[in-house]
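Student: Residue numbers (the working numbering), protein chains in the order written: chain P, 1 to 328; chain Y, 1 to 307.
Everything labelled a hint here was simulated from the structure, so no lab data went into it.
One or more of the hints may lead you astray.
Stated by the list, open to error - Restricting the straight-line Cα-Cα distance to at most 25 Å, the calculated cross-link-like pairs of lysine to any residue (SDA-like) are: (1) K132/P to K100/Y; (2) K126/Y to I314/P; (3) K233/P to L62/Y; (4) K100/Y to R240/P; (5) K15/Y to M159/P; (6) K129/P to E185/Y; (7) K129/P to A66/Y; (8) K132/P to S67/Y; (9) K129/P to N65/Y; (10) K100/Y to I314/P; (11) K210/Y to F232/Y; (12) K15/Y to Q263/Y.
Since this is a predicted model, take the numbers as computed values, not measurements.
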Amino acid sequence: MRMIFSFIGRKVIRLLSLLFAISVITFILISHSPIDPIQAYIGADMMRVGPEQREKIAENWGLDEPPAEQFFRWGSSVLQGDLGTSMIYRRPVTEIIYEKFLHSLALMIIAWLLSGLIGFILGIAAAMKKDKWADRIIKWYCYTLAATPTFWMGLLLLMIFAVWLEWFPIGMGVPAGVLTENVTLADLISHIVLPALTLSIVGVANVALHTRQKLIDVLSSEYILFARARGEKGFTLIWRHGIRNISLPAITLHFAGFSELFGGAVLAEQVFSYPGLGQATVEAGLRGDVPLLLGLVIFSTLFVFAGNLLADLISFLVDPRMKERRPV
Amino acid sequence: MSTLEIHDLSISFTKYSKGLRQETTQVIHNLNVSINKGEIVAVVGSSGSGKSLLAHAILGILPGNASVKGRIVYDGQELTEQRKAELRGTEIVIVPQSVKFLDPLMKIGSQVQTSVRKGNAAVAQKKIFEKYKLKPLVEKLFPFQLSGGMARRVLLSMAVVSEANVVIADEPTPGLDADVIKEAEISFRELADNGSAVMLITHDIEFALKTADKIAVFYAGTTVEVAPVSDFSGKGENLRHPYTKALWRALPQNEFIPIKGSQPLANHLPKGCPFAPRCENATLDCLKEMPEEKMLRGGMVRCLYAT
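Extracted from the complex, chain P is given alone in its bound form (with noise of 0.2 Å):
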């Protein structure tokens, strides 16, 4: 129990750091940027903006203070739960945060489960088939994947699925020109199968390679030459020992991938046009939007966070060997 509470309270302290050192960071970055959030919210009209009225914005705004008032004003706001306005979305950060999570959470959990389900059965297949012309196809595919751009990969889908096949539309969440409440679900899911495919299979190579190496790995071991020595073999032992002391690496692996996931979802959705966390942050990147590119930097802060944070409890739940040896 005593572990517990101070695994817990290590990450507390962890996690706060981390966003400190974040935000901090963002800030400084984002206050050295060249672009001007005046013009970038104002875009075209800008010749019909005075000095006077520029100079009033950024009042508004508190855009003429000093960086690091700024940010302290900022950051004390934070503390009381107020992420402040979007200030291309003139709503509160925290309700745009939500409503474009959602969306990419469908995205990202399909993404997620698919990569991971095909590539530990692909990483199983090249270990059993080591060094045999499945396992070189699968090796080579990985390879080739890994070092494909997510963007790219989803330019490709595009052309063949969306523009020669015509079998999904070319970008969105939904039907352009369609009333929120006549969209069905299955709009929703042409909408989503190709950015969502694009993001499964970028990021199939890493469960794929880890996975072979790894049941290479106990496929050599004393354990499975001993279980082999029992008479024990094919399927069941590969089930037995083998699937047994590959999956918590792998599961550990897919968990700490969040990082990746959400890198790949910014470039997927913003290839695909699809609204969702990925499209925001490109899109308050652009135009300089300072409340709402922090608020979502605090977001994937977390979430990446979480991810690690759920590899880390699951292996230390699970594994006999993580947790306190117990005397006999």
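Given chain P, work out where chain Y should sit, using these hints.
Tutor: Frame of chain P, contents of chain Y only:
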């Protein structure tokens, strides 16, 4: 008729040395040994000389790049690879060296139960645990939680619970204290008394002498002598091979005289008798070819001048 007979067993490995050049290393050559029902035979040799491969060859679990020649006969029937696959775990079992041979994520109880061949596995496992003084709590432990002595008893109980006819123990003693070793001696004798043929593969000559009926001395990939335990006495006058004699004299409780030189490596074996370079009595004839086996005073020896 012996339960297990090994005739002219040779094991070699092929591997790629540089680029596509294949290199074959013969690790065991022309090895002969046999074990009767109710008998304990110890194969004694120095560590790292390839003794374990003998066990793996009998069970047919050598790696893919190994090639095996010679004959292994079990119960009067020659063991083909297919026959080995049928018998391993049922009639021929191995007691592995250490706890590392157990699945790290599987509870001890279930692992022991996988070795049970007849009847209710859980009942058989509980009974064997009682016999080896393993508390019921041990069932629920994972291998990393076992002490050295407990691990040894668990590994042995797996062999016993399978009720096999042939038990091969691979290095059963390293790192164990005297009490546990004593316990192991008794358990192996019990196994033999119950009708199993037991093969101990070990570098621990003292343990072998205390436990076994026959000692097969393994040197540079082959057996140079097979002698009944009673021959290991006095100054070793009854022993047949110069290496065995030297080994006996090297023991601390005897004369404690070390043997000069070291065992040749598998890929640098001399043409003739493998012990010739270290032998005081070696002649030119010894360097010509490997001495044939000959039977002598109820044992076997590979030496031109053995008397």
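Student: None of the hints should be skipped; say for each whether it holds.
Tutor: Hints, verified against the model:
no.: 1; hint: K132/P to K100/Y; result: violated (29 Å)
no.: 2; hint: K126/Y to I314/P; result: violated (32 Å)
no.: 3; hint: K233/P to L62/Y; result: holds (14 Å)
no.: 4; hint: K100/Y to R240/P; result: holds (16 Å)
no.: 5; hint: K15/Y to M159/P; result: violated (48 Å)
no.: 6; hint: K129/P to E185/Y; result: violated (43 Å)
no.: 7; hint: K129/P to A66/Y; result: holds (19 Å)
no.: 8; hint: K132/P to S67/Y; result: holds (21 Å)
no.: 9; hint: K129/P to N65/Y; result: holds (16 Å)
no.: 10; hint: K100/Y to I314/P; result: holds (24 Å)
no.: 11; hint: K210/Y to F232/Y; result: holds (11 Å)
no.: 12; hint: K15/Y to Q263/Y; result: holds (23 Å)
In summary, the structure is inconsistent with hints 1, 2, 5, 6 from the numbered list given earlier, while agreeing with the others.
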